[in-house]
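These protein sequence lines are chains A and B, in that order. Mapping of the first sequence onto the working numbering: residues 28 to 466, in sequence order. Mapping of the second sequence onto the working numbering: residues 50 to 223, in sequence order.
No lab work stands behind these hints: they were computed from the structure. Careful: at least some of the hints might be erroneous.
Said to hold, decoys possible - Calculated lysine to any residue pairs in the SDA-like style (CA-CA distance at most 25 Å, straight line):
| hint | chain 1 | residue 1 | chain 2 | residue 2 |
| --- | --- | --- | --- | --- |
| 1 | A | K322 | B | P189 |
| 2 | B | K193 | A | P165 |
| 3 | A | K404 | B | H101 |
| 4 | A | K314 | B | K193 |
| 5 | B | K88 | B | E176 |
Said to hold, decoys possible - Going by beta-carbon spacing under 8 Å, a handful of chain A positions derived as facing chain B:
| hint | residue |
| --- | --- |
| 6 | P261 |
| 7 | Q262 |
| 8 | M325 |
| 9 | G326 |
| 10 | L328 |
| 11 | T406 |
| 12 | L407 |
In this text, a Cβ means the ideal position worked out from N, Cα and C, and glycines have one as well.
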Amino acid sequence: MKPEPQDSLYVRFHEERCTGCAECLKVCPTKAIRIRQQKSVRFVDQCIGCSACLRVCPAAAVGSITRMPEDIGRDHVAIALVSPVLYAQFPRIMPGGVLMALRQMGFHHTVDMSFFFEMFQYAAAEFIRRNRTTREAPWPLISPACPVVVRLIAFQFPSLLPHILPVLRPVALMAREVRERVIPEYESQKQDVVLYYINPCPTKSTSGQTLDPHRSRCREVAIGINDIYPALKPQVEKVLSSDNMPFSWTRFEFETCSTADAAFGAMSGGEIARIEIEDSLAVHGLKETVDYLNKIEMGLLKDIEYIEFRTCREACLGGALAVVDKYIAKRHVQKMTTTFGMGRRLPQDALLRQYEQGRFKIDKSPDVLRKFFSSCKPTLSLADAERIEQLVANLGNHNCGACGAPGCRVFAEDVVLGQAELNECIWLSVHGLVRGRTG
Amino acid sequence: MRGVDLYDHPPYARNLADGGSNQTVCRYMASLKKFFFIKARDFVHAGEASIHIQNLLKSMHLDPALIRRIAICSYEGEMNAVIHGGDGILNVNIESNRLTLEIIDEGPGIQDIQLAMQPGYSTAPEEAREMGFGAGMGLPNMKKNADDILIESEPGKRTRACMTFFLGLTKEVQ
């Protein structure tokens, strides 16, 4: 497996803009980036979509895979799946107003994710409460809501996979509901359906392909909040300035949003605030997440029952594709919540019935993820490991990055695996320990 | 500082019975040795050696559950040396079929090893307990997670804990 200047599933790479400044090199948590011929290249399989490189790149050479489609609602049924972060981008307007503005833009349906977030929170609380007696999963349980965290665990902390809460993620609940209740009607009428995920982060990997061969009429497209913001802003202004709300017809209960605190779940700590578990933590930030996962792996934090991990600072509000700054967005959400209070929209007894039926249970084992990620990492033999240790001891350990690898240890690994030449190390060349670079 | 006691362990015992000596064993078996210094009372950097070992083992694709057991043991051992011991050293030795962790500290030693092995028994100072350490689960946890554990102590001088994990024959043996 050689690194190539290729787009990963989540991140697009503009080679012509890359200046080879190596800023992205060291921030990558999975060490998936190298510099070759003064351009950054990546091991695409190792990308977990954390968007650390996207944030740090000064030349904007790293972008997300999301895009703004030109033809929303033209000759197809457009369904917007809306992350609650979108509400936090517009102060002074209720979440329901933002959804209305989206419908003005041409979306036929708008699906409010906070509805499913509440569902997820209920199921999570129920599972944790039962787990105290059944001991089905080990403490501390880890929130599955952030997909980057799940991939990070599968990639770097596979022993922690049993700690992931075995409840369907809010996005999965939403997708299932749409697939079961909205799409079939249009399919029977032979109409094309496109699901538009409006996201603050580039973690939705599909872009325009059909997922399911049996559902050739249904496509999925990921849109970043920054992609849709310019077009949505005037619509929001229109909704705000109009005295009487334009008539808008919705058919499903999840199509509009009546509460003001919908974006609360996108804040750090927003997930555990409603779960009402005493011993819970909210950890946000990439480095902090890695630190805490290390601690859990070493057997610490056993007295905590639930940890909400988000790899972005200030959780989803700080997503790489959000428009409004995370702290300002947070203030909007807090203002809305203090003004209108927290509300519940879902009847608890109906949720309990669904829980008993196993509707929230995760349907595929996390081992799938683990196999996927362990297959893309090269295995080192004991002799390789020994050679790497020797090399690291000789390389000077300055971690300068001039060789194109994020650090001496990674460079040594690359050398042993045959992906780099020892003479690429400047430190060794300067000291005359290897023959200098050729050509 | 004495190395891991080779004579205690079955693979070597067999080799020695065959007439092989220590050196020949080492020549035939690839092995990886690393050591880390542990500084007493340095709670900020405590655990770094364990994370290093963890990452090393992950790159060798050992069984995740086994890595976790090793990580727990190395962390507990490291913390013991940080809390109780004077400065210490953590040796790790990886061979094709087993891994040994050896933690030696120049601390006060353990007066009664039997007692120290009991869950909940702790002699940790108040300073460590305030930080959430010293719950008296260190040695019991190590015993629970290691395949084999040997603790030696000379009260007043030093303590040596040696833990062995059997790796099973992994694919690197060629």
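Going through the hints against the structure:
1. Using a Cα cut-off of 25 Å, the hinted pair K322/A and P189/B holds, with the two alpha carbons roughly 19 Å apart.
2. For the hint pairing K193/B with P165/A, the CA-to-CA distance comes to about 17 Å; that is within 25 Å, so the pair holds.
3. Straight-line distance between C-alpha atoms of K404/A and H101/B comes to about 18 Å, which keeps the hinted pair within the 25 Å bound.
4. For the suggested pair K314/A and K193/B, the alpha carbons sit about 31 Å apart, so the restraint of at most 25 Å is broken.
5. Of the supplied pair hints, the one linking K88/B and E176/B holds, its CA atoms being roughly 16 Å apart against a limit of 25 Å.
6. Nearest Cβ of chain B to the Cβ of P261/A: about 50 Å, over the 8 Å cut. The hint is violated.
7. Annotation: Q262/A was flagged as interfacial toward chain B, and the flag is violated, the nearest CB pair being 49 Å apart, outside 8 Å.
8. Restraint check, M325/A versus chain B: the minimum CB separation of about 4 Å is within 8 Å; hint holds.
9. For G326/A, the interface hint holds, since its Cβ comes within 8 Å of a Cβ in chain B; the closest pair sits about 4 Å apart.
10. Interface restraint check: L328/A against chain B, minimum CB-CB distance 10 Å, threshold 8 Å, status violated.
11. Proximity of T406/A to chain B holds as hinted, the smallest CB-CB distance being about 4 Å (cut-off 8 Å).
12. Here the hint on L407/A is kept, as its CB sits about 5 Å from the closest CB of chain B, short of 8 Å.
The structure does not agree with the numbered hints 4, 6, 7 and 10 stated previously, though it agrees with the rest.
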